[in-house]
Amino acid sequence: MTESDPADDTPSMEAVRYDDGTITYPGHPVGPDGGDPIESIDLSEYTAEVLTWTTSTAPPPGVREPNTLAIVEFTVDGESVRAIGQVDGDVSIGQTVQPVYVDELRDPEPSIRARDSQDWDGYRFEPVSE
Amino acid sequence: MERVAIIGTSMTQFGNRSAWIRELLAEAGHSCLASAGVDPNALDHLYVSNMAAGEFEGQTGVSNALAHDLGALPAYTERVDQTSASGGAGIYAAWRSIASGASDMTLLVGGEKMTHRSTSEATDVIASLTHPVEYKHGLTLPSFAGLTARRYLDRYEAPRESLASVAAKNHRNGVDNPKAQFQKAVSKETILESPIVADPLRLYDFCPITDGSAALLFCPESVAREYTDEYVVVAGVDGATDTHVVHERPDPTWMGAVAESARGAFDMSGYGPDDVDVAELHDMFTILELLQLEALGFADRGTAWQLAEEGYTARDGGELPVNTSGGLKSKGHPLGASGVAQAVEVYEQLLGDAGPRQVSADVGLCCNVGGFGNCVTTSILEVGA
Numbered sequence: 001m002t003e004s005d006p007a008d009d010t011p012s013m014e015a016v017r018y019d020d021g022t023i024t025y026p027g028h029p030v031g032p033d034g035g036d037p038i039e040s041i042d043l044s045e046y047t048a049e050v051l052t053w054t055t056s057t058a059p060p061p062g063v064r065e066p067n068t069l070a071i072v073e074f075t076v077d078g079e080s081v082r083a084i085g086q087v088d089g090d091v092s093i094g095q096t097v098q099p100v101y102v103d104e105l106r107d108p109e110p111s112i113r114a115r116d117s118q119d120w121d122g123y124r125f126e127p128v129s130e
Numbered sequence: 001m002e003r004v005a006i007i008g009t010s011m012t013q014f015g016n017r018s019a020w021i022r023e024l025l026a027e028a029g030h031s032c033l034a035s036a037g038v039d040p041n042a043l044d045h046l047y048v049s050n051m052a053a054g055e056f057e058g059q060t061g062v063s064n065a066l067a068h069d070l071g072a073l074p075a076y077t078e079r080v081d082q083t084s085a086s087g088g089a090g091i092y093a094a095w096r097s098i099a100s101g102a103s104d105m106t107l108l109v110g111g112e113k114m115t116h117r118s119t120s121e122a123t124d125v126i127a128s129l130t131h132p133v134e135y136k137h138g139l140t141l142p143s144f145a146g147l148t149a150r151r152y153l154d155r156y157e158a159p160r161e162s163l164a165s166v167a168a169k170n171h172r173n174g175v176d177n178p179k180a181q182f183q184k185a186v187s188k189e190t191i192l193e194s195p196i197v198a199d200p201l202r203l204y205d206f207c208p209i210t211d212g213s214a215a216l217l218f219c220p221e222s223v224a225r226e227y228t229d230e231y232v233v234v235a236g237v238d239g240a241t242d243t244h245v246v247h248e249r250p251d252p253t254w255m256g257a258v259a260e261s262a263r264g265a266f267d268m269s270g271y272g273p274d275d276v277d278v279a280e281l282h283d284m285f286t287i288l289e290l291l292q293l294e295a296l297g298f299a300d301r302g303t304a305w306q307l308a309e310e311g312y313t314a315r316d317g318g319e320l321p322v323n324t325s326g327g328l329k330s331k332g333h334p335l336g337a338s339g340v341a342q343a344v345e346v347y348e349q350l351l352g353d354a355g356p357r358q359v360s361a362d363v364g365l366c367c368n369v370g371g372f373g374n375c376v377t378t379s380i381l382e383v384g385a
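Keeping their order, the protein sequence lines are chains A and B.
If you count by the UniProt record's numbering, then the first sequence holds residues 1 to 130, one letter each, in order.
If you count by the UniProt record's numbering, then the second sequence holds residues 1 to 385, one letter each, in order.
It is possible that some hints are incorrect.
With the C-beta cut set under 10 Å, the calculated list includes, among others, these residues of chain B facing chain A [said to hold, decoys possible]:
| # | residue |
| --- | --- |
| 1 | E55 |
| 2 | S118 |
| 3 | S120 |
| 4 | P132 |
| 5 | E134 |
| 6 | G138 |
| 7 | S143 |
| 8 | F144 |
| 9 | L192 |
| 10 | V197 |
| 11 | A240 |
| 12 | H244 |
| 13 | P252 |
| 14 | P356 |
| 15 | V359 |
| 16 | D362 |
Every beta carbon over 12 Å from chain A, so not counted as near; a handful from chain B, in silico [said to hold, decoys possible]:
| # | residue |
| --- | --- |
| 17 | Q59 |
| 18 | A65 |
| 19 | L73 |
| 20 | P74 |
| 21 | S100 |
| 22 | G101 |
| 23 | E121 |
| 24 | D176 |
| 25 | Q183 |
| 26 | K184 |
| 27 | T190 |
| 28 | V223 |
| 29 | V233 |
| 30 | D275 |
| 31 | E310 |
| 32 | L320 |
Partial selection, computed: residues in chain A whose CB lies under 7 Å from chain B [unchecked claim]:
| # | residue |
| --- | --- |
| 33 | P61 |
| 34 | L69 |
| 35 | I71 |
| 36 | G122 |
Since the hints were made in silico from the structure, they are not lab data.
Heads up, the beta-carbon is just placed ideally off N, CA and C, and yes, glycines get one too.
Isolated chain B (complex conformation) (with noise of 0.2 Å):
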């Protein structure tokens, strides 16, 4: 089978976006297509990572209007909602159309419009993926952190700080971010003594609400050859699926979907945890950095909160640095794009395209994480030759 490549990215501003939905994805998918040098008449397929434009501005079939925006008719569309890891699985959607021999151009643009919305609507919107028995006693998502945080934070006789150096860190690679939501370094001690949001979780452990899009342009290897001697290949994707009901979970401090899904990419890969040079994790609250570490095997259980102490996942002179970008934390989680996103930065790293952000990578890891861990997506990226 022959490998798909990668050949063209783009990411608009993330933040506070006069633009609506149809105009966020267009913005992105143009200027992926240009990055690339490649015609939207030369596209098959075309997916639209979105989770929630109708409940959010009242715009379905996005898919359909990006198609037409871009001047890409007749190819193929599809919108791909997997709550906040639709991104992830448009990757693996896309990987699955090259792959499958369906097409020989596919454009993935993942894009949310969200901040015309009260942060009390747009937590009900992403509130609503939750079961019956969930949503009537008011469950979200950043309670769903709140709990999870406690239990680890007890159970592994971890210090609270040590979520709050997960913050410090994704904003301070944020700083050197200029599309990213929030580009200001924030202390460990503004961080400990912001507003309680979901006890013992504090504003800074939270991502904000954001309007953005971020795009991919995939084809076959030999395909890529002919536009480019510098591409990114999949070497491997997988996804899984944990319980709707979250409390149903044997472990509440392990994330199942994120290990059957990194097992299933590292599988298709040849690599392990230890190959890894750089990693974009779904950083929607603090907690969740730690608790991808550990089911992706870069850290034992219960043990990860000491990496981000000990600057293990820094950017400068880290072993394993994560979220390079800044991560949702102060990029922005524009639900849609966020996955797309992490490819897009992972695809900077691997072709030294990262400017000030620069790692030394040949091998980058993605995981988007949908609901609190219930589908989750894991791709590993690395430079095409």
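Bound-form chain A, shown alone (with noise of 0.2 Å):
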């Protein structure tokens, strides 16, 4: 398990691992290849290379527009496990970003997705200035 700073209440973006090695971005009740989830990692704490991006500029209602979003790939510990999300800034292939924290990506309010039940904070990537 991560050890996160006590200090900072800030929820993690997290990834799990199951026991053949392999980790998702969501977890899981069961991993890609039938493992058991044994634990958790904080994605917010690593980069990641954006495999390929979009920018939508057709949104649906409480969603920011236009709406750039990318598929990023992390690697941890040799692994490597991918997640999807908005984007802050210029982006392209190859590109390094780091997750960054936000309370509400999407305004749950017009949206046709009960507001209880899911949450609508998380994280966006942002470049990492190299």
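Assembly of the complex is requested from the two constituent chains, each provided in isolation within its own frame, with the hints serving as guidance.
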């Protein structure tokens, strides 16, 4: 289990490792190859590489416009794990990004999904200046 | 096991319709039964393929409603929801009902009523199939298409124009389909200059929002012969499922559930990709036609972009005409109807009833995709004898 700073109450970007070594974000009751979940990993402590991105100019209700999104790949102890999310700033394939916490990614009120059925905070990706 | 035949079809006008879901379904259902000369009382089972009448219109229980509206009581009814692949899942359900002996006459009606909603609202209804970690970021089906298209074009060094070729081809085919939402040819230049929706994809890379309904009538081959000499047989059908979370797939440009469902359908039929004469693929987005051509075995990975460019998938003179109906691209995509309408087109092609769209075909394939490849059915149809 990854220890976080006790003074920092920011929620983690929680991925899950399974007993066969695979990792997924988000976690599931069963891993991709049938493994049992054994520990959580906070991806917000890692950087990732952009695999692909898009800018959506026709987002649904409650979503910022335009909405730039990316699929990114983290490497944790040699194991790759992908995530998807909003991007702030210029983005390109192969770019290194870091997760930055946002307390509301989408306004749940005008959306079709029940507000209390899920959380709405999470992590956006920002380019790491090199 | 006796083979399963299709003896009747129908498709309503697709587009902006004033009719609501019950009326659309009844229109297609009545006309399908009439096309085959089958009385509604002969129905044992009635399936309705529909993703979201409750969310779009506030009308649930649509299969019960349709049985009453058709005069088909007391036929057993069931609504089949497999998101955008509800139509193909309905074909699989109808096939099972006949193949198992549970029914001797099954009507499948697929339909959706969507255009009374704004684009934003309709997009949200469809995006509600996503996982919470996707939904909270505002992921939509078009944005998955943009993400995948960029990856594909970059990885395989495919030109952006190859996607425009798919759209131009399918719009050209739709000119000859009087039931299509758009019956207008669109140039590659217009497509490449249209507004960006999900970069690098533009307006003409996407299917429209559509109202419409389509139907198919299934029975055992022995029963088919009592009604007609001209019918089609379901030679193979299968369905498969991929991850709910799209980014967890090992290769973002490979549609695993398409490949799995195709393998099952080909195995059942005894045919392979080389035997298929005509195909209706789920071109909800232009990139999907390419990914399906690869996962179905019609092209090697990373090469399908060349097929539309070279005219391989063209209706006139192509080796494998794809989306002779105009596809979802020009015909429109009333979610639950689309998979059913694919088989309506293949039925007409196989029986020589496709008019100006006619190609030479003995074996046809339909691939219906739900989510962004989350759930897929593939069916292979051939002329009955």
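Now the hints, each set against the structure:
About 7 Å separates the beta-carbon of B/E55 from the nearest beta-carbon of chain A, less than 10 Å, and the hint is met. For B/S118, the interface hint holds, since its Cβ comes within 10 Å of a Cβ in chain A; the closest pair sits about 9 Å apart. For B/S120, the shortest C-beta to C-beta distance to chain A is roughly 6 Å, which falls under 10 Å, so the interface hint holds. A cut of 10 Å between beta carbons decides the hint on B/P132: the least distance to chain A is about 4 Å, and the hint holds.
Hint status for B/E134 relative to chain A: holds, with the closest Cβ pair at about 6 Å, below 10 Å. With a least beta-carbon distance of about 3 Å to chain A, the hint placing B/G138 at the interface is held under the 10 Å criterion. With a least beta-carbon distance of about 4 Å to chain A, the hint placing B/S143 at the interface is held under the 10 Å criterion. The interface hint given for B/F144 holds, since its Cβ lies 8 Å from the closest Cβ of chain A, which is under the 10 Å cut-off.
For B/L192, the suggested interface contact is broken, since its CB lies about 16 Å from the closest CB of chain A, more than 10 Å. Nearest Cβ of chain A to the Cβ of B/V197: about 5 Å, under the 10 Å cut. The hint holds. A cut of 10 Å between beta carbons decides the hint on B/A240: the least distance to chain A is about 16 Å, and the hint is violated. Because the closest C-beta pair between B/H244 and chain A is about 9 Å apart, less than 10 Å, the hint holds.
Of the supplied interface hints, the one on B/P252 holds, with its beta-carbon coming within about 7 Å of a beta-carbon of chain A, less than 10 Å. Against a cut-off of 10 Å between C-beta atoms, the interface hint on B/P356 is violated, since the closest Cβ of chain A lies about 34 Å away. Because the closest C-beta pair between B/V359 and chain A is about 35 Å apart, greater than 10 Å, the hint is violated. The criterion of a C-beta within 10 Å of any C-beta in chain A is not met by B/D362, whose closest approach is roughly 40 Å, and the hint is violated.
Every C-beta of chain A lies more than 12 Å from that of B/Q59, the closest at about 16 Å, which supports listing it as non-interface. Its beta-carbon lying about 23 Å from the closest one in chain A, B/A65 satisfies the requirement of being farther than 12 Å from that chain. With a least CB separation of 33 Å from chain A, B/L73 remains clear of the 12 Å interface cut-off, as annotated. With a least CB separation of 35 Å from chain A, B/P74 remains clear of the 12 Å interface cut-off, as annotated.
The Cβ of B/S100 sits about 30 Å from the closest Cβ of chain A, beyond the 12 Å cut-off, so the non-interface label holds. At roughly 35 Å, the least C-beta separation between B/G101 and chain A is larger than 12 Å, which holds for a residue marked as non-interface. Not every beta carbon of chain A lies more than 12 Å from that of B/E121, the smallest distance being close to 7 Å; the non-interface claim is violated. Consistency note on B/D176: stated as away from chain A, and its beta-carbon is indeed over 12 Å from all of that chain's, at 30 Å minimum.
With 12 Å as the threshold on Cβ separation, the claim that B/Q183 sits away from chain A holds: the shortest Cβ distance comes to roughly 24 Å. Distance check on B/K184: its Cβ is at least 22 Å (rounded) from any Cβ of chain A, clearing the 12 Å threshold; non-interface status holds. Separation of B/T190 from chain A is adequate, the least Cβ-Cβ distance of about 18 Å exceeding the 12 Å criterion. With a least beta-carbon separation of about 43 Å from chain A, B/V223 lies farther than 12 Å from that chain, consistent with its non-interface assignment.
The Cβ of B/V233 lies farther than 12 Å from every Cβ of chain A, with a closest approach of about 38 Å, so its non-interface assignment holds. No Cβ of chain A approaches the Cβ of B/D275 within 12 Å, the least distance being about 34 Å, so the stated non-interface status holds. The claim that B/E310 is not at the interface with chain A holds, since no C-beta of that chain comes within 12 Å of its own (minimum 26 Å). Non-interface status of B/L320 relative to chain A is upheld: no Cβ of that chain comes within 12 Å, the nearest being about 28 Å off.
A cut of 7 Å between beta carbons decides the hint on A/P61: the least distance to chain B is about 6 Å, and the hint holds. Of the supplied interface hints, the one on A/L69 holds, with its beta-carbon coming within about 6 Å of a beta-carbon of chain B, less than 7 Å. A hinted interface residue such as A/I71 counts as satisfied when its beta carbon comes closer than 7 Å to some beta carbon of chain B; here the least separation is about 5 Å, so the hint holds. Interface hint status for A/G122: upheld, as the beta-carbon distance to the closest one in chain B is roughly 6 Å, under 7 Å.
Taken one by one, the earlier hints fail for this structure at numbers 9, 11, 14, 15, 16, 23, listed in ascending order.
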